[in-house]
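*Asks:* The primary structure of each chain is shown beneath.
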Amino acid sequence: MATDRMTVDADPGTFTFDPAHTALVIIDMQRDFVEPGGFGETLGNDVGLLQAVIPPLQQVLAATRAAGMTVIHTREGHVPDLSDCPPAKLNRGNPSMRIGDLGPKGRILVRGEYGHDIVDELAPLPGEVVIDKPGKGSFHATDLQELLQIGGITSLIVTGVTTEVCVHTTVREANDRGYECLVLADCTGSYFPEFQAAGLAMIAAQGGIFGWVAPSTQYLTALDSLSPAAVGAVTDGEGN
Amino acid sequence: MSLHPVLSATAIAHAARIGPVVADPYPWPYDGTVSAERTALICIDWQVDFCGPGGYVDRMGYDIGLTRAGLPATARMLAHARAVGMLVVHTREGHTPDLSDLPANKRWRSAQIGAEIGAAGPRGRILVRGEPGWQIVPEVAPVPGEVLIDKPGKGAFYATQLDLVLRTTGITHILLTGITTDVCVHTTMREANDRGYECLILSDCTGATEQGNHTAALRMVTMQGGVFGCVATCDAVVAATRAASEGDHRGD
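First to last, the sequence lines map onto chains A and B. Position one of the first sequence corresponds to residue 1 (this note's numbering), numbered consecutively onward. Position one of the second sequence corresponds to residue 1 (this note's numbering), numbered consecutively onward.
Calculated from the structure, these hints are not laboratory results. These figures come from a predicted structure and were not determined experimentally. Beta carbons are placed, not taken as given, at the ideal position from N, Cα and C, and that holds for glycine. Hints are not guaranteed to be accurate.
Said to hold, decoys possible - A partial selection of chain A residues facing chain B, derived with a Cβ cut-off under 7 Å: (1) Pro-86; (2) Arg-92; (3) Ser-96; (4) Asp-132; (5) Gly-135; (6) Val-165; (7) Arg-172; (8) Asp-176; (9) Ala-198; (10) Met-202.
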């Protein structure tokens, strides 16, 4: 497909991508992690830090959809009988609330529960991929790699929460598999400001050892340069 | 409590128990104690290219004193693991000589920073299997019978037989040493944690090219009740290792 490569000013250098072979990945923007009154807040975390991710991510999601690009959502969670939850994850540190316990928005981290689903502002559209993952990484024990290969995806725009846990683990997995990752700094969030900064710095360290980091405005600027005709070529698959 | 120097290897081999280890954020492991037979010591990427004079990291201009800092404690941990009968695993990051397992972006990035994988370096072709720079440094070298994992990425699980080896040998708990803390050690710990292994990273047996990344990586492990496991020292593990007879006295 003869589409122009987009360029984004990023750290540690220019990130280039072809919209036809790039997916936006939105990691774990689930009610239980992000919303007031959810599981994350009951653990004493300031969910305001994660709420701040929603407005810029809404813009990124809208522009990505308008460009006809692939959108992938992930959710961390387990089947209701918890048979896919390792004992170490379930019992570690004697938590006051365990996975599977009844929380303020349903059973904690259990698939199908209200709190496990994605916030309304970023709800998936029909036809968008939703990856349900039992771990922090989006590749382990999921279909993600197969879906990317079938879709011809080679680059990922990575967003979501939390930066140093699920976002970082997914970027590390993707990088080892040869995918180019651009992390949008303001579209990722952490309960801990020091880890937000350290997590982003680690990605771009040593010449971009895991990938690239940029503010979402730089990505949106790149998409703006995509003409409607080019978008059509992307979505129709013309020009092969 | 007996420390391993006063116990002969034969007295405690295949019978020692480990834990609870004084660790952050909880006494490790989560299930109280674990048999040495179900515990693996994984030593990550102690290669000349990363911590030897003239290797890849040295050539990139980093202070290899930082990546070498964990060698003495790792050598002590290795001796202990061998004495109590743990499975010992060594990993090496590297690529086949034809570079057919080297993703294009990894090659491009290494070239950007002046240390292109596959190019001639002071210790042979950089990060190519079989080259002098790819070998494990003598201070923590493998002995016959130990597992060697050759990995093309940062994580030791991706595109390797590590998970198969650990499950086949009945390993449920993992101790981590190696370099660098924030890159290959952390990636491997995250992969192991997602696969259900109970992990302990040994702070004095790791190191990074930047001290700030080392410190941040260790702190990340401890948040949210131990999101990836725990952090402890080599000596804490040694101190928490008991011979079977002591375990029997405790009614195990």
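*Asks:* Hint by hint, note whether the structure agrees.
*Replies:* Consistency of the hints with the structure:
Hint on A:Pro-86 holds. Least Cβ distance to chain B is approximately 3 Å, under the 7 Å limit. Against a cut-off of 7 Å between C-beta atoms, the interface hint on A:Arg-92 holds, since the closest Cβ of chain B lies about 4 Å away. At about 9 Å, the closest approach between the beta carbon of A:Ser-96 and any beta carbon in chain B exceeds 7 Å, and the interface hint on this residue is violated. Checking A:Asp-132 against chain B: minimum C-beta separation of about 14 Å lies over 7 Å; hint violated.
With 7 Å as the threshold, the beta carbon of A:Gly-135 comes within range of chain B, its nearest partner Cβ sitting at about 3 Å, so the hint holds. A hinted interface residue such as A:Val-165 counts as satisfied when its beta carbon comes closer than 7 Å to some beta carbon of chain B; here the least separation is about 6 Å, so the hint holds. Given hint, A:Arg-172 at the interface with chain B, holds; its Cβ is 4 Å from that chain's nearest Cβ, closer than 7 Å. A hinted interface residue such as A:Asp-176 counts as satisfied when its beta carbon comes closer than 7 Å to some beta carbon of chain B; here the least separation is about 3 Å, so the hint holds.
Checking A:Ala-198 against chain B: minimum C-beta separation of about 4 Å stays under 7 Å; hint holds. Interface hint at A:Met-202: satisfied, since its Cβ lies 5 Å from the closest Cβ of chain B, which is below the 7 Å cut-off.
Hint violations for this structure: numbers 3, 4, all remaining hints satisfied.
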